[in-house]
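> Read off the chains here:
There are 4 protein chains.
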Amino acid sequence: MIIFLKPNLPIKQENEFRRFLADKKVDVVPVVRRNQTLLVVTGRFSESTKLEVKQHPAVASVLETDRSYKLAAKSFNKESSKIKLNGHLEIGGKEIILMAGPCSVESKAQIAESAKEIKSAGCQILRGGAFKPRTGPYDFQGLGKIGLHFLKEAAKTHSLKVITEIVDVRDIELIEKYTDIFQVGTRNMQNYALLRELGKKRKPVLLKRGMWATYKEFLLAAEYILLGGNENVILCERGIRTFVPETRFTLDLSAVAYLKHETHLPVIVDPSHGTGRANLVRAMSREAIAAGADGLLIEAHLDPRKSFSDADQAISMQELNKLVKEVKKVARAVDRI
Amino acid sequence: MIIFLKPNLPIKQENEFRRFLADKKVDVVPVVRRNQTLLVVTGRFSESTKLEVKQHPAVASVLETDRSYKLAAKSFNKESSKIKLNGHLEIGGKEIILMAGPCSVESKAQIAESAKEIKSAGCQILRGGAFKPRTGPYDFQGLGKIGLHFLKEAAKTHSLKVITEIVDVRDIELIEKYTDIFQVGTRNMQNYALLRELGKKRKPVLLKRGMWATYKEFLLAAEYILLGGNENVILCERGIRTFVPETRFTLDLSAVAYLKHETHLPVIVDPSHGTGRANLVRAMSREAIAAGADGLLIEAHLDPRKSFSDADQAISMQELNKLVKEVKKVARAVDRI
Amino acid sequence: MIIFLKPNLPIKQENEFRRFLADKKVDVVPVVRRNQTLLVVTGRFSESTKLEVKQHPAVASVLETDRSYKLAAKSFNKESSKIKLNGHLEIGGKEIILMAGPCSVESKAQIAESAKEIKSAGCQILRGGAFKPRTGPYDFQGLGKIGLHFLKEAAKTHSLKVITEIVDVRDIELIEKYTDIFQVGTRNMQNYALLRELGKKRKPVLLKRGMWATYKEFLLAAEYILLGGNENVILCERGIRTFVPETRFTLDLSAVAYLKHETHLPVIVDPSHGTGRANLVRAMSREAIAAGADGLLIEAHLDPRKSFSDADQAISMQELNKLVKEVKKVARAVDRI
Amino acid sequence: MIIFLKPNLPIKQENEFRRFLADKKVDVVPVVRRNQTLLVVTGRFSESTKLEVKQHPAVASVLETDRSYKLAAKSFNKESSKIKLNGHLEIGGKEIILMAGPCSVESKAQIAESAKEIKSAGCQILRGGAFKPRTGPYDFQGLGKIGLHFLKEAAKTHSLKVITEIVDVRDIELIEKYTDIFQVGTRNMQNYALLRELGKKRKPVLLKRGMWATYKEFLLAAEYILLGGNENVILCERGIRTFVPETRFTLDLSAVAYLKHETHLPVIVDPSHGTGRANLVRAMSREAIAAGADGLLIEAHLDPRKSFSDADQAISMQELNKLVKEVKKVARAVDRI
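Protein chains in written order, with this note's numbering: chain A, 159 to 495; chain B, 159 to 495; chain C, 159 to 495; chain D, 159 to 495.
Be aware that one or more of the hints could be misleading.
No copy labels: a pair is met if it fits in one copy or bridges any two.
Unchecked claim - Cut-off 30 Å, straight-line C-alpha distance, at most; resulting in silico cross-link-like pairs (DSSO-like, lysine-lysine):
{"hint": "1", "residue 1": "LYS464", "residue 2": "LYS182"}
{"hint": "2", "residue 1": "LYS232", "residue 2": "LYS480"}
{"hint": "3", "residue 1": "LYS480", "residue 2": "LYS252"}
{"hint": "4", "residue 1": "LYS183", "residue 2": "LYS303"}
{"hint": "5", "residue 1": "LYS183", "residue 2": "LYS240"}
{"hint": "6", "residue 1": "LYS208", "residue 2": "LYS277"}
{"hint": "7", "residue 1": "LYS464", "residue 2": "LYS170"}
{"hint": "8", "residue 1": "LYS232", "residue 2": "LYS464"}
{"hint": "9", "residue 1": "LYS464", "residue 2": "LYS486"}
{"hint": "10", "residue 1": "LYS359", "residue 2": "LYS303"}
{"hint": "11", "residue 1": "LYS266", "residue 2": "LYS232"}
{"hint": "12", "residue 1": "LYS164", "residue 2": "LYS183"}
{"hint": "13", "residue 1": "LYS274", "residue 2": "LYS236"}
{"hint": "14", "residue 1": "LYS487", "residue 2": "LYS252"}
{"hint": "15", "residue 1": "LYS212", "residue 2": "LYS252"}
{"hint": "16", "residue 1": "LYS303", "residue 2": "LYS182"}
In case anyone wonders, no lab produced these hints; they're calculated from the structure.
For clarity, every value in this text was computed on a predicted model and none was experimentally measured.
Only chain A is shown next, with the shape it has when bound in the complex (with noise of 0.2 Å):
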């Protein structure tokens, strides 16, 4: 059960709820968000409480909820949330959104140039790591704060947004400054530190699914995020770990059609970790569309070759044009933009 709290409710008249319901033995999580706090029920209760609650006049409403994450769940949203960036664009609504950049900032020319690319391939927000999640300590780490400065003048340049991924919960303050997206890496989707602290944030943090993750802990994991306050998460699909040996991962496009029933946040699909394999994030783009995506994270570089880090994966932007064509017009055929 969620219990949401009449608006601008007093200060003193909230404790006293809050008391009530103590007396009552009933375990809540507060959640203070933009417009109204609610108070998640974490235990049992009886139904005379319930009908106690419902009619106190602290409470405006409540919702009754059969999933274990709550605030993820569409029950809690019929419709779908669509987050905003700077009042502009819109995530999660008709049109569909697209994240292009390279794997790593590698120099102020290379993040410069690939925004210009990107930008006249049609794509709205940039992607590039600054700090680097590497399974090998030996691999290039990133550029650090340096990179996250090119970063943003780049995408300030051609008008885009930026993405970047956030590694150390010490770090958040310094990414902020330059990120328009947080985004938690695949081997941090059940970091809770991390997550808890980004909660407390309302930058949107766009979670990558675990490689390991069920569905279930996938939205419970952004359950972590929602509790704390901030409405702003995104999830996105960027494959599992299977026995499939000819491809880096197993892109899980299930998923996509299942969140769409489950959850009312924006699902975006990476197609490029989700293979492993350039010459297959096309057709898997299209894919992830036809099944009702709300958009794409893919990585494209000057010159793939040369790519500091997952070379294997990014395409080119002659590539990234075809793309973002094809892209569209599977998007018309299920009545998005």
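Chain A is already provided as a structure; the job is to place chains B, C and D on it using the hints.
Chains B, C and D alone, transformed into the frame defined by chain A:
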């Protein structure tokens, strides 16, 4: 290396050439196709032998290959194979082929009524199992021969073609009388005795991917059939075993894109088994077509809740109608019809 | 529910009882075993019917079951089944049974010499494939019938029993003449035509787990054989498909412990296929026995590097000797010999 | 290549050598260990440079490496690493180390009583979570700091060492005060910020394998810690995600045998999480020791049914006693104690 013998080469000269190869210790497997005999070289050979072979009077041409599957490889046939059913229907051409029907033939009336609905929805092929491979020996095993009879009759009445499953190598002659396409189920993908016998036939074979099979293993299984001289092999992605508990299988749509790069054989997708959830079938069908699949194999039932088998994944005839409409729109977006 | 008919019940009375059940709409599958006929009830029945059945003069006893596999379930036979080979060797008893030999019979001399080494290492059963199910059609497919002959002869000379694989349902009579145990490979675990025919035999069947199969599916496959009246089914864990690239398969040794709780059938482990790496075979063999396995199936070759098939996983005869010594020590630590 | 500097090399000479390397464009990462400084070469270098390095007066010796993990590789330390806890207990030596305790510290009395039982069963280390990483935000999250206090006190009373989990990089200093071993959970195996910070400590770290991780990824995660100079890394296999529904995870015991070939670090097994089923824990524990594991990490609870978390997998104290006895017998069979 594949050696193409001259068309209409007298058997005497063929034998002479085979002896010539044997003397050179070149191992080959002969493949007798409709218009031509090929010899697939399976072992090693020197450059000088290769030259001699090329210049031999019995030889029309040779083809270098670098894959472990040779007849299934794209290099064998740069254009996509088009498989004709009785001269009319073409699988692998521009038109998307839709195969639909109940999991099992349950009764004469059921399959007759199903055929009518499936035709009216715009599908071209009627599916329905008479011999069912069931996980448990106490489950409904299909109506057997009488089921085949009902199936063929229903299809004929509505000018549909028939696809049905073959589970026992000893039933090939029987099933051949009733079906237009042999279906080999996922559990039999590596039933080599069955594959070899189907290779001796000329009727098309739809080979489902083993739920555990890599792409290479899948193509090698197709190669077993092709090697017998049967050129009419259709591949079918139907979901793989992964850790994801929310779907019965994980439909691996990267397979479609990958196979389209690797082979000239048509690729069909089964979104019903591939997810095991009726409410995901439409979305996955759209995806499959967006990825470049040549058709779909769909479980549709007059009353899904009453299906004798696989009730959770069958869609209703209304859903099937919606699905066909959506799929047609996506097909046009990828230049298919 | 399983109904045990009275021993030596006249056929007339059995038929009367079957009619009685039919009248009550109780569906059963009859199982004719060495000493007794059982009727496995497959559908629903009322409590009053159950009572009537229990008291019926044709009935010796009834057994309630709560698993989908009924004859394979522990409840069917609280003691472990002991499978005797020609009155001597007992699989499932206190003694650990060691089956070893090359992947394929390659020549008369090779299998003869292998048999000698295997006997001297302390193994009881000689393995070797004559009909090999190979992933690719161009790979060595086994020597066929002459290989069976070499195998049997080699085993006889050294007082070993024989196990060899059956891949084609049409070869059962042939293979039966040469082998003491039919081996059903992983790819055929759900080849129901084959399982049913083996159920009609009385010779033991070693059923390998499908590399994709759940424990339940594995036990249901065994049930297909048991249902034919063949009580001599041996289960074999041989590794499953997972994402781990460093081993060919992941040997799932939880399966041994789980199966020992769930079934009365003996459980054997194949650490050679289960890992695909010769240098892990000894450790995995010790584990299997520590887990409670009744025996091992091991690929050992006179010169592993020269093996015609599966060279990476075969151990040398010296390694086999070491392995047997280590396994015997672990066997004693778990009260086996 | 790893370059070992001469012991007690003056900093001036070290710096000169570093400049020498920089001039030659040889990239290195310095590792400051207890007795020695190493330089891990991460990029390419010529044969002539190698020779110059070898002969340089600052250099004690160089080590060639062919693995992507260098400090974790067997080649770095041909003997097994033995990790000492306060001079007494040795992990990785001849003695099997048993770590047991409840999933969570639930109360002072519970952990005190648990410690008593665990000591009396013959275990050496007490486990118990105070900060729990839970899949859902509404689940019990642990007692926090007071839990650490109860845990340490209970351990001290019974002369046990302590292991507890670290989930937030900001909690390292706090946890360090209470624990003898930092536990990094499966979800954090690639939380590189956390791994790097733990690398700066000298207290042992037990690193659990990510449920999705290959062996190589696991060893590279250990390398992140080793690279900081912390030599005391213990690896822990705890089960991977597979399709098998009957167990919570699939305990991959090939990992133990494989890791013992690849690394000098001690390997521990967690059969409780590894199966998620209490009735499999004893068998899997015997297996782990038979495979060559250096110890076990076991969930044992005073009353498993009442456990606050992971109730299905915790064993009772009586079971723990049985387990220890069985494990000791297997230990002797593989020349351990």
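> Taking 30 Å as the upper bound on the Cα-Cα distance, should LYS464 and LYS182 be classified as within, between, both, or neither?
between (64 Å within a copy, 23 Å between copies)
> Quick one: LYS208 to LYS277, C-alpha cut-off 30 Å, is that within a copy, between copies, both, or neither?
neither (53 Å within a copy, 47 Å between copies)
> Within, between, both or neither: how does the pair LYS266, LYS232 come out at a Cα-Cα threshold of 30 Å?
For LYS266 and LYS232, neither the intra-copy (42 Å) nor the inter-copy (41 Å) Cα distance is at most 30 Å.
> State whether the alpha carbon distance between LYS183 and LYS240 is at most 30 Å within one copy, between copies, both, or neither.
Neither: 36 Å inside a chain and 51 Å across chains, both beyond 30 Å.
> Go through the copies and call it for LYS359 and LYS303: within, between, both or neither, with a Cα cutoff of 30 Å.
both (20 Å within a copy, 26 Å between copies)
> Between LYS487 and LYS252, at a C-alpha cutoff of 30 Å, which is it: within one copy, between copies, both, or neither?
both (14 Å within a copy, 18 Å between copies)
> Please work out whether the CA atoms of LYS232 and LYS464 approach to 30 Å or closer within one copy, between two copies, in both situations, or in neither?
between (43 Å within a copy, 29 Å between copies)
> Between copies, within a copy, both or neither: which fits LYS212 and LYS252 at Cα up to 30 Å?
neither (36 Å within a copy, 60 Å between copies)
> When no copy is named, should LYS164 and LYS183 be tagged within, between, both, or neither for a Cα gap of at most 30 Å?
Only inside one copy: LYS164 and LYS183 sit 22 Å apart there, 61 Å across copies, limit 30 Å.
> What label fits LYS464 with LYS170 when the C-alpha limit is 30 Å: within, between, both, or neither?
Answer is neither; intra-copy 62 Å and inter-copy 38 Å both fail.
> Should LYS464 paired with LYS486 be assigned to within, between, both, or neither, using CA atoms and 30 Å as the limit?
within (29 Å within a copy, 40 Å between copies)
> Between copies, within a copy, both or neither: which fits LYS232 and LYS480 at Cα up to 30 Å?
between (35 Å within a copy, 23 Å between copies)
The earlier numbered hints that this structure contradicts are 5, 6, 7, 11, 13, 15.
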